[in-house]
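4 protein chains.
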Amino acid sequence: MSESRVGQRSKVAVLGASGYAGRELCGLVERHPGLALAGRFSARLGVEPEAPQSPVDAPIERLDLERLDGLDGVFVCAPHGASAPLVETALARGLKVVDLSADFRLRDGALYERVYGAVHPAPQLLDGAVYGLTEERRADVQRAQLVANPGCYPTSVLLPLVPLVRAGLLAKDSAVIADCKSGLSGAGKEPSAKTHFGAVHENFAAYGVGTHRHQPEIEQEALGTKVVFVPHLLPVFRGILSTLYLDPAPGIAARDVLNCLQARYAGEPFVRVFERGLPDLSRVQRTNQCHIGAADAFGKVVVVSCLDNLVKGAAGQALQNMNLMLARPETEGLV
Amino acid sequence: MSESRVGQRSKVAVLGASGYAGRELCGLVERHPGLALAGRFSARLGVEPEAPQSPVDAPIERLDLERLDGLDGVFVCAPHGASAPLVETALARGLKVVDLSADFRLRDGALYERVYGAVHPAPQLLDGAVYGLTEERRADVQRAQLVANPGCYPTSVLLPLVPLVRAGLLAKDSAVIADCKSGLSGAGKEPSAKTHFGAVHENFAAYGVGTHRHQPEIEQEALGTKVVFVPHLLPVFRGILSTLYLDPAPGIAARDVLNCLQARYAGEPFVRVFERGLPDLSRVQRTNQCHIGAADAFGKVVVVSCLDNLVKGAAGQALQNMNLMLARPETEGLV
Amino acid sequence: MSESRVGQRSKVAVLGASGYAGRELCGLVERHPGLALAGRFSARLGVEPEAPQSPVDAPIERLDLERLDGLDGVFVCAPHGASAPLVETALARGLKVVDLSADFRLRDGALYERVYGAVHPAPQLLDGAVYGLTEERRADVQRAQLVANPGCYPTSVLLPLVPLVRAGLLAKDSAVIADCKSGLSGAGKEPSAKTHFGAVHENFAAYGVGTHRHQPEIEQEALGTKVVFVPHLLPVFRGILSTLYLDPAPGIAARDVLNCLQARYAGEPFVRVFERGLPDLSRVQRTNQCHIGAADAFGKVVVVSCLDNLVKGAAGQALQNMNLMLARPETEGLV
Amino acid sequence: MSESRVGQRSKVAVLGASGYAGRELCGLVERHPGLALAGRFSARLGVEPEAPQSPVDAPIERLDLERLDGLDGVFVCAPHGASAPLVETALARGLKVVDLSADFRLRDGALYERVYGAVHPAPQLLDGAVYGLTEERRADVQRAQLVANPGCYPTSVLLPLVPLVRAGLLAKDSAVIADCKSGLSGAGKEPSAKTHFGAVHENFAAYGVGTHRHQPEIEQEALGTKVVFVPHLLPVFRGILSTLYLDPAPGIAARDVLNCLQARYAGEPFVRVFERGLPDLSRVQRTNQCHIGAADAFGKVVVVSCLDNLVKGAAGQALQNMNLMLARPETEGLV
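Residue numbers (our numbering), protein chains in the order written: chain A, 1 to 335; chain W, 1 to 335; chain B, 1 to 335; chain L, 1 to 335.
Just chain A, with the same shape it has in the complex:
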């Protein structure tokens, strides 16, 4: 890499680089030909990050706000609530921000308060934030200063669902069942009784039924269609597979659903609609792809959607968005 080309790279930093999404982002940015990773920071201001576990791990630094000066963009990978103040700070310095937390996903501050149990920390920023489901909001993302990166489950549900709703392929007033299964990395890196190997390996369970915080996020973006979302925890590390059960409009079958999705996503680099057969996790892991298939089943249309929760469901989509915000090629560093 010549000096001159490095000079043309956009400079970005990752705040919250020790969690799974932050670590994934650092890896993606390091391999990105057009970005330079100016810092991997702990998400908490002034808190000394832990030493790396191995000599192979790149060190994570204590966040020093002056280090943000002169950057082009920043990824914020902090927990909800902790993220908003960091976002404010970065915006005030004129940086483009992709926030991977839930802080700016819900447009309605009152809904945020009900769902997250706290007054929104920066309500004045809500109007300007763009919900970054890239394929749906490309033009808005390009112009945005702040992108709220979608949740992993919502991405897997909305990519197949939204075009079908828009095309009117669902029966009127029907509810969509979204039976979703995620690998353990979705639960984060924090050790707990729930993330212990002994609790996950050779086990499987539903969780958060009727209460998961991705439900209102899905509802907000589903164009008025009702969705019943139930998440489950898989004994794998990476990947989400969502099984959607749709009541098709009269005369509509899986073939029509596939035709609609194929037309919608033709030319999209990161969504692949199968001509036949159904996707599985193995082919989307470590990629920014969402794979979609559909089949008829006893009066319903079953749509299966797969992605890597840490890539298309988090760090990869965040990078896709940042590429657009920095006027770089959307696929750069992602293929």
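Wrong hints could be hidden among the right ones.
The list treats identical chains as interchangeable, and a pair is accepted whether it falls inside one copy or across any two copies.
Unchecked claim - Heads up, simulated DMTMM-like pairs for lysine to aspartate or glutamate below, C-alpha to C-alpha not over 25 Å straight-line:
| no. | residue 1 | residue 2 |
| --- | --- | --- |
| 1 | K172 | D296 |
| 2 | K11 | D72 |
| 3 | K189 | D64 |
| 4 | K172 | D247 |
| 5 | K226 | D247 |
| 6 | K226 | E136 |
| 7 | K194 | E61 |
| 8 | K172 | E48 |
| 9 | K226 | D296 |
| 10 | K226 | D173 |
| 11 | K189 | E50 |
| 12 | K11 | E61 |
| 13 | K189 | E61 |
| 14 | K226 | E135 |
| 15 | K194 | E50 |
| 16 | K194 | E275 |
| 17 | K194 | D296 |
| 18 | K226 | D256 |
| 19 | K172 | E50 |
| 20 | K172 | E332 |
| 21 | K189 | E30 |
Because the hints were derived from the structure by calculation, they are not lab data. None of these values were measured; they are calculated from a predicted model.
Based on the hints, put chains W, B and L in the right spot on chain A.
Same frame as chain A, now just chains W, B and L:
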């Protein structure tokens, strides 16, 4: 164990002892205080079984029909199609038979032909066969000569569903979604591209959507309620977790569903309805238990049902049925 | 179970019932035909144990010392250091005690202090404690008030090694390499960065090289033979497989090693020496068995030993010892 | 990628593209900035390959020898015995060949016959073949027409061992124990009782003790040092961890071993010697790295070496060699 007590034991054999269900049955019968295992046979007449993989494995013998004489009962663990002739032979010798294959589950020979692609091998036995979902058909099982042991998925779906249908707790004409996830042992012991470790580990997929042979079995037993059944393959060895999505009748919620199921299964030794919370695989593995929980979710009632596909979903329920057929205590050898 | 027979049961309690070993012991005692489980207690006096995670879990009670009165025996499953005071208390009440911690395994209090970094909490009990490798110390165990249950790794190493040393089959002054691999349950139930699913699944590592506390325990019992012990963490839940590399005495080969071990363990219910082939984890999991095999390899004799770290390596051997201490059949409740 | 730059790419093909190593190679070549993948072929001449399992899989073609004309190099990923004729054919066309099979690893045709049970299929090529442990044989590889790519286990053992032998750090006449553990992908893609999920998951075993074909390969390259190699099968997909037990020369300890290896591998892009701590699989998976650490343990020096068996142990090292043979930068496409 004194000689006299051994004399009082019922004598049974396992045909098809090398597969997962057969092996599980042999283990259960060996630990059963009231049964004596008179033989573990290969399912194919006259075919020499493979040598045991290790000195610890009990040998499996070539089936010799004369070895069935004098027995009280036999478990048939052969593939569908191959099972019916063995069942006929055993019945002709006056033995009680529990057949773990699909050969006698569907009451309608014409349906069998459509689903299994072959004329039924012993249609004259269909009328006398009892579908052995024990909790539903206890009295019939006690009088039966031939019990068709239910499929693993149908057991997990029907135990929670049937009492709710009977009690009228479901909305009229609504379809139940049964999103089911099974461990790999449900796919059997035969090596194939699908059972290879590299295809299963760190992976997850739906399969048989719209075509799985357990769909007509579930439909037959669901008392007229429509069920949309979609199976998935989990990277675990044992266990099925079924997530059912119900449209409740007006005014009905998860609490009513739990009350109904608790009343129905009070006193049942092998079905446990949770007062709160949802079950997971870990607590049913290696038991003959079915655990059931329920929760409200955005207008639907979500019911989660868990069992070990090799025990309550196969060998355990088979033994539960055989206990009844031989007039032994139903729970003997199962607790 | 008739009233009178219940009356003849020995009454035992488990202190420290919430950890993996304690939970395993409770399960074994509940299924034991000759023991009654009088209590499952938290190991810490007066500390309120956590609520059970599910309605299926039996509750664990706060330890009240008066509840120990009238019992016959007690299993102590507390961390080292915390165990000794509980042992003292139980012995003072006249109970037989099997201690699963490391507190009474090393005969030398000064060595304990070096290894565990603390003065021994009850050095006056060290002389009376019997190291409970049952097959080696059966007569002593039968007479003991206090048995120090061996560590999981030492059990897997000593069962094959001690008879070979005694028979003089090893080259003079040679060191035995013990390359040992354990499932994650050996690391205990406490959530940490090391027991997180994301750190264990699809991973493998050595740990504690040159520093593991089971090294002095193995050395103490190895009859003067030098052992180089290196443990590794397997991405499985249960089981230890130890690969031992022996320099045989002149003229000695794997066949002689097997002959020696077969002669030694003929009639032993819980040790199985393979005539040919090598054992694997799958056949010892959830049993109290130790399986042993041997093969020649380029001048060394390789001995492979397998057991379930939670059963023969902890709770099962503890029960085997308690059976002997209470003058019950050694195999009762274990087959 | 501009047309002109594509024109400067070297053209290569993969014979035997459907196995794990072949698939890995295709992926690496596709992402390689300096190579063009001219074909992914079935290894068997004229045999129609299977259809891809999913629309996402690139198709594999029937091998047509004319398709090799005009290529610069070819990777042969066929089973031993089947590989040699393909290698001959490719060499005759003037291509550079990296053979991933065992056919050209042993320099001695008579030894090949003893180990592989067949006369060597192309003994006239043995003299010209270079054993491609790249770090050891860089200059030879650069000049070679045919490179025999090392086995996965030998690579993990030889990289740490050879420099220590050369430096005289081992005790005279001592034997090195190499206790090696590999993920299941090392066993290949063929379905069998041994690769079935039910045989691997939650299991662990040694295999091939005293008979594995990598033993003579290790011996050939170990500069006269005796190695006792015992492989084990891990329930993971990717990775080898080898634990070596060395008798150090007088006065030598782990620190000296590390110093020697650090000096040897300073500047090597694909070998990393840890200053402290020991490596694990997670940090080498999907990389071409070999990580090495060492510790003292009771008179021995324990060296732990980790790599990804499909990358540095197969496809990655093959590409590293091909880069050199085609006079390209050694690390191109590998970082």
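query: Hint by hint, which ones does the structure fall short of?
result: 8, 19 and 20
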